[in-house]
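Colleague: Sequence:
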Amino acid sequence: MSHLSLKLLGPFQASLDDQPLTHFRAVKNQALLAYLALEADRAHSRAALADLLWPEEPNEQARLNLRQALFQLRNLLQPPARPHKAEFLLITPQTVQFNLQTAQTLDARLFAQLLDACSDHHHFSATPTVDQSRCPLCLHRLQQAVELYRGEFLAELFVENSPDLEEWIRWQRQHSEVQVLEALAILARGCEQNQDYTTAYQYALRQIKLDPLREEGQRQVIRLLALRGQHEAAIAHYDRLRRLLRKELNAEPSAETIELAKQIRRGRRGDREIRGQGDTRMGQGFPLQSPPLPVSPSPSLPRSPCRSGTIYQCN
268 MSHLSLKLLG PFQASLDDQP LTHFRAVKNQ ALLAYLALEA DRAHSRAALA
318 DLLWPEEPNE QARLNLRQAL FQLRNLLQPP ARPHKAEFLL ITPQTVQFNL
368 QTAQTLDARL FAQLLDACSD HHHFSATPTV DQSRCPLCLH RLQQAVELYR
418 GEFLAELFVE NSPDLEEWIR WQRQHSEVQV LEALAILARG CEQNQDYTTA
468 YQYALRQIKL DPLREEGQRQ VIRLLALRGQ HEAAIAHYDR LRRLLRKELN
518 AEPSAETIEL AKQIRRGRRG DREIRGQGDT RMGQGFPLQS PPLPVSPSPS
568 LPRSPCRSGT IYQCN
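Just so you know, we're using the working numbering here: the sequence shown kicks off at 268 and counts up by one.
Take the hints with a grain of salt, since some may be wrong.
Taking lysine to any residue and the SDA-like style, the derived pairs with C-alpha atoms no more than 20 Å apart in a straight line are [stated by the list, open to error]:
hint, residue 1, residue 2
1, Lys-476, Glu-433
2, Lys-514, Gln-469
3, Lys-274, Leu-305
4, Lys-274, His-290
5, Lys-274, Val-426
6, Lys-274, Ala-422
7, Lys-476, Ala-422
8, Lys-514, Glu-482
9, Lys-274, Gln-361
10, Lys-274, Leu-367
11, Lys-514, Arg-481
12, Lys-274, Gln-364
13, Lys-529, Gln-497
14, Lys-476, Glu-449
15, Lys-529, Leu-511
If you are wondering where the hints come from, they were derived from the structure by calculation, not from laboratory data. In this text, all values refer to a predicted model and were calculated from it rather than measured experimentally.
Could you build the full structure based on these sequences and the hints that come with them?
Modeller: This is the structure we're talking about:
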C-alpha cells in the first residue's frame with residue numbers, strides 16, 4: 268500500500284512512498300489538500316469547498332475549478348502506473364473527504380496528538396505546566412512535538428481571493444505557534460531543573476527566535492546565561508531586551524525580569540538565588556553545586572530530552 272506523507276508545519280511538503288510530489292498546478296490545490304487532510308473528521312460538500320476556495324467566482328465556475336483541482340490531486344496521489352492504488356481522497360458527486368484509513372502521516376495532526384497526550388496525562392499536582400516539566404514521558408512527547416515544528420503553518424503559501432481559507436490558515440498558524448512556544452518553555456524549564464543548562468538554553472533561544480517579544484523566553488535566556496557563568500552576556504542580553512521593548516512596545520521589562528537582572532548584577536554570589544528566581548511555575552530550584560541524582564529510567568518510559576535528573580511521579 269502506498270504511503271503518503273504531508274508536512275504542513277513549515278513550507279508545504281508532500282511525498283508518496285518517499286518520492287516528493289511537486290507538480291501541483293496551483294497553490295490552491297496544495298491548500299485544498301492541506302485543508303482536507305487536517306479537517307478529515309468529516310466529509311465536506313463540494314459546494315462548501317468551491318465556496319471556500321473560489322468565493323468570488325460564479326457557482327458553475329467555482330465548481331468547475333474544484334473538479335479540476337480534485338482531478339489533479341487524484342492523479343498525483345493515485346497515479347495510474349501504481350498497481351495497488353490507495354484512495355487517499357474519497358470523492359463522491361456530492362462530497363469529498365480525506366481517507367484516514369490509508370497509510371499516511373500528517374505532521375500537524377501528530378503535533379496536536381502529542382500535545383493533547385501531555386495535557387491529558389494525569390499528574391499529582393494542580394499545575395499542569397509544572398507537572399509536564401518534571402515528567403519524563405511528557406518531556407519526551409514535547410521534544411517530539413517541537414522537532415515536528417519546522418516553521419509556521421504552511422509557511423510561504425499564500426492564497427488570494429479566498430478570505431475564509433486565508434482565515435483558516437491564519438488561525439492554524441497562530442494556534443500552532445502558541446502551542447510550540449509553550450512546549451519550548453516547558454522543555455527549557457524541565458532541562459533547567461535537571462541542570463542541563465545547555466539544552467535548556469537552546470530551547471529558550473528557539474522561543475525568542477519565533478517571538479522576540481516573548482518576555483518569558485527572554486527571561487529564560489538571561490537566567491540560563493547566568494547559570495552557565497556568563498554573567499556579562501546575561502546583562503548584555505537584558506539590555507538588548509529593554510531596548511527592544513522600548514522600541515516595539517514603548518514598555519519596560521516586567522518586575523520579575525528587572526529583579527532577575529539585579530540579582531545577576533550582584534555577582535556570582537547570587538547564583539543560588541538566581542536559580543530560585545525562575546518562573547513561579549518551576550517551583551524551588553536546587554543548589555548549583557549539588558550533583559544531579561542518578562536515575563535508572565523505567566523500561567516503560569522513554570528518556571527525558573534532558574540529562575538524567577529528578578523523576579516526577581505520575582500516573
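Colleague: Evaluate each hint against the coordinates.
Modeller: These are the hints, each one checked on the structure:
1. With a CA separation close to 24 Å, the supplied pair Lys-476 and Glu-433 exceeds the 20 Å bound.
2. At roughly 26 Å between alpha-carbon atoms, Lys-514 and Gln-469 are farther apart than 20 Å, so this suggested pair is violated.
3. Between Lys-274 and Leu-305 the alpha-carbon distance is near 11 Å, which keeps this suggested pair within the 20 Å criterion.
4. The straight-line distance between the Cα atoms of Lys-274 and His-290 is roughly 16 Å, inside the 20 Å bound, and the hint therefore holds.
5. Under the criterion of a C-alpha separation no larger than 20 Å, the hint pairing Lys-274 with Val-426 is consistent with the structure, at around 18 Å.
6. With a CA separation close to 11 Å, the supplied pair Lys-274 and Ala-422 stays within the 20 Å bound.
7. Our distance criterion of 20 Å between C-alpha atoms is met by Lys-476 and Ala-422, whose separation comes to about 16 Å.
8. Of the supplied pair hints, the one linking Lys-514 and Glu-482 holds, its CA atoms being roughly 14 Å apart against a limit of 20 Å.
9. In summary, the hint linking Lys-274 to Gln-361 is not supported, as the alpha carbons are separated by about 28 Å, beyond the 20 Å threshold.
10. A C-alpha spacing of about 16 Å is found between Lys-274 and Leu-367, which places the hinted pair at or below 20 Å, so the restraint holds.
11. For a cut-off of 20 Å, the pair hint linking Lys-514 to Arg-481 stands: about 14 Å separates their Cα positions.
12. With a CA separation close to 18 Å, the supplied pair Lys-274 and Gln-364 stays within the 20 Å bound.
13. The straight-line distance between the Cα atoms of Lys-529 and Gln-497 is roughly 15 Å, inside the 20 Å bound, and the hint therefore holds.
14. For a cut-off of 20 Å, the pair hint linking Lys-476 to Glu-449 stands: about 14 Å separates their Cα positions.
15. At most 20 Å may separate the alpha-carbon atoms for a hinted pair to count; Lys-529 and Leu-511 meet this at roughly 19 Å.
Hints 1, 2, 9 from the earlier list are contradicted by this structure; the remaining hints agree with it.
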